[in-house]
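2 protein chains.
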Amino acid sequence: MTAVPDPNRRNDAARRAILSTAIDLVGEVGYAKLTIQGIARAAGVGKQTIYRWWSSKGSLLFDAFLAFAGDGEAAALPDTGDLAADLKLVLRATVDELDDPRYDQAMRAMHVEIVNDHLLAAEYVLRLDQPMRELKRTRLRAAQRAGQLADDVELDVAIDMLFGPVLNRWLQRTGPLTHDYVDQVVDTALRGLQPR
Amino acid sequence: MTAVPDPNRRNDAARRAILSTAIDLVGEVGYAKLTIQGIARAAGVGKQTIYRWWSSKGSLLFDAFLAFAGDGEAAALPDTGDLAADLKLVLRATVDELDDPRYDQAMRAMHVEIVNDHLLAAEYVLRLDQPMRELKRTRLRAAQRAGQLADDVELDVAIDMLFGPVLNRWLQRTGPLTHDYVDQVVDTALRGLQPR
Numbered sequence: 001m002t003a004v005p006d007p008n009r010r011n012d013a014a015r016r017a018i019l020s021t022a023i024d025l026v027g028e029v030g031y032a033k034l035t036i037q038g039i040a041r042a043a044g045v046g047k048q049t050i051y052r053w054w055s056s057k058g059s060l061l062f063d064a065f066l067a068f069a070g071d072g073e074a075a076a077l078p079d080t081g082d083l084a085a086d087l088k089l090v091l092r093a094t095v096d097e098l099d100d101p102r103y104d105q106a107m108r109a110m111h112v113e114i115v116n117d118h119l120l121a122a123e124y125v126l127r128l129d130q131p132m133r134e135l136k137r138t139r140l141r142a143a144q145r146a147g148q149l150a151d152d153v154e155l156d157v158a159i160d161m162l163f164g165p166v167l168n169r170w171l172q173r174t175g176p177l178t179h180d181y182v183d184q185v186v187d188t189a190l191r192g193l194q195p196r
Numbered sequence: 001m002t003a004v005p006d007p008n009r010r011n012d013a014a015r016r017a018i019l020s021t022a023i024d025l026v027g028e029v030g031y032a033k034l035t036i037q038g039i040a041r042a043a044g045v046g047k048q049t050i051y052r053w054w055s056s057k058g059s060l061l062f063d064a065f066l067a068f069a070g071d072g073e074a075a076a077l078p079d080t081g082d083l084a085a086d087l088k089l090v091l092r093a094t095v096d097e098l099d100d101p102r103y104d105q106a107m108r109a110m111h112v113e114i115v116n117d118h119l120l121a122a123e124y125v126l127r128l129d130q131p132m133r134e135l136k137r138t139r140l141r142a143a144q145r146a147g148q149l150a151d152d153v154e155l156d157v158a159i160d161m162l163f164g165p166v167l168n169r170w171l172q173r174t175g176p177l178t179h180d181y182v183d184q185v186v187d188t189a190l191r192g193l194q195p196r
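Residue numbers (UniProt numbering), protein chains in the order written: chain A, 1 to 196; chain B, 1 to 196.
It cannot be assumed that every hint is accurate.
Any copy will do: because identical chains look the same in the list, a pair fits if it lies in one copy or spans two.
[Claimed, not checked] Here are the computed lysine to any residue pairs in the SDA-like style, where the Cα-Cα straight-line distance is at most 25 Å:
1. K136 x P195
2. K33 x N116
3. K136 x V90
4. K33 x K47
5. K136 x N11
6. K33 x T80
7. K88 x V153
8. K47 x Q130
9. K136 x T35
10. K136 x D183
11. K88 x R139
12. K33 x R52
13. K88 x G147
14. K47 x Q148
15. K33 x Q105
For the record, the hints were derived by calculation from the structure and aren't laboratory data.
Please model the complete structure; the sequences and the hints are all you need to start from.
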């Protein structure tokens, strides 16, 4: 038998190469200077190949982030039955991820643009923030059923309180981003600031 | 008697004009394109006048933010004896401030640069974040003495948890920035996420 090239597999490889190139390139040149042309050149494909799959550099970049963050893994938050332990696991992994210069640069480039660009911010909310938020809500709802989270907690406020501090500290470099810090955030958020 | 011009008062007026111009200009052109020359021209003063008081556009801009935020008022956080009420007051005022397009634009311009620029981020931490943080710590220490805040709470974690969500929601536009939202953040942070 002769080896028959599998067009699906070839497409997959090309797609992955393009997404990976986009992450590298946005980290190098920033979002403003990122072009479809530039990504095509760096990935060694034609511009038309890219336009076949993506209508804009924004949607390409968000796919790249989703792929980089690991599509499969991100399908759910861990649920061992221990909410605090699971949240610490996720947040420690986030800290480790942001320690990777490639991811750090790409994420910074995107966040800078989001701060200034309404349309990109809307796409960020729709494609990254909301899907991730829904996974977090699902985990928190399970915690409510398990009696580890108060029933009347506003889930979005809980999410902002658990996941926001890490993002802030990273973006504004207001302090060291360590496992200890995220553990404290989780424990403090769960227990509250008031005396018990 | 003839009116003798008061050089101190004239200096004060010139200083204020320069700071106010810097806020306007950074909102218009962004930090990267902000120049001492441009500020001097827009404020109608000579470049040398600016260099007499500030060594860089960064330090000028941080003075402008401190002046805009109201030097005197920012000397302490309110302390009526009710921690939750005081925090809500401060955070509602922050929300109102960010609703001012002039402030919004200038703050965004600064934050964008902080994300990418290590040196500016260090200046931000030193000149804005740390002094504000110290005021917040002072208020939280008073709350600890009054029995409204647990003694073993890490104050910096508490501050990130109370003030971070508003900053995030504003920068990333992930949801509406309302008085209701900040009230929920304060109540949830104080009470904690666990069932009581």
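Hint-by-hint comparison with the structure:
1. K136 x P195: Answer is between; shortest inter-copy Cα gap is 18 Å, intra-copy 27 Å.
2. K33 x N116: Result: close both inside a copy and across copies, 15 Å intra and 15 Å inter.
3. K136 x V90: Result: close within a single copy only, 10 Å intra versus 29 Å inter.
4. K33 x K47: within (16 Å within a copy, 32 Å between copies)
5. K136 x N11: Close neither inside one copy (32 Å) nor across copies (55 Å); limit 25 Å.
6. K33 x T80: The answer is neither: 43 Å in one copy and 51 Å across copies each exceed 25 Å.
7. K88 x V153: Answer is both; intra-copy 19 Å and inter-copy 18 Å each pass.
8. K47 x Q130: neither (30 Å within a copy, 48 Å between copies)
9. K136 x T35: Neither: 33 Å inside a chain and 44 Å across chains, both beyond 25 Å.
10. K136 x D183: both (17 Å within a copy, 22 Å between copies)
11. K88 x R139: Result: close within a single copy only, 13 Å intra versus 29 Å inter.
12. K33 x R52: Close inside one copy (21 Å), not across copies (37 Å); limit 25 Å.
13. K88 x G147: Answer is within: at 18 Å inside a copy they meet the 25 Å cutoff, but 29 Å across does not.
14. K47 x Q148: Intra 51 Å, inter 61 Å, cutoff 25 Å: neither.
15. K33 x Q105: both (14 Å within a copy, 22 Å between copies)
In this structure, the earlier hints numbered 5, 6, 8, 9 and 14 are contradicted, and the remaining ones agree with it.
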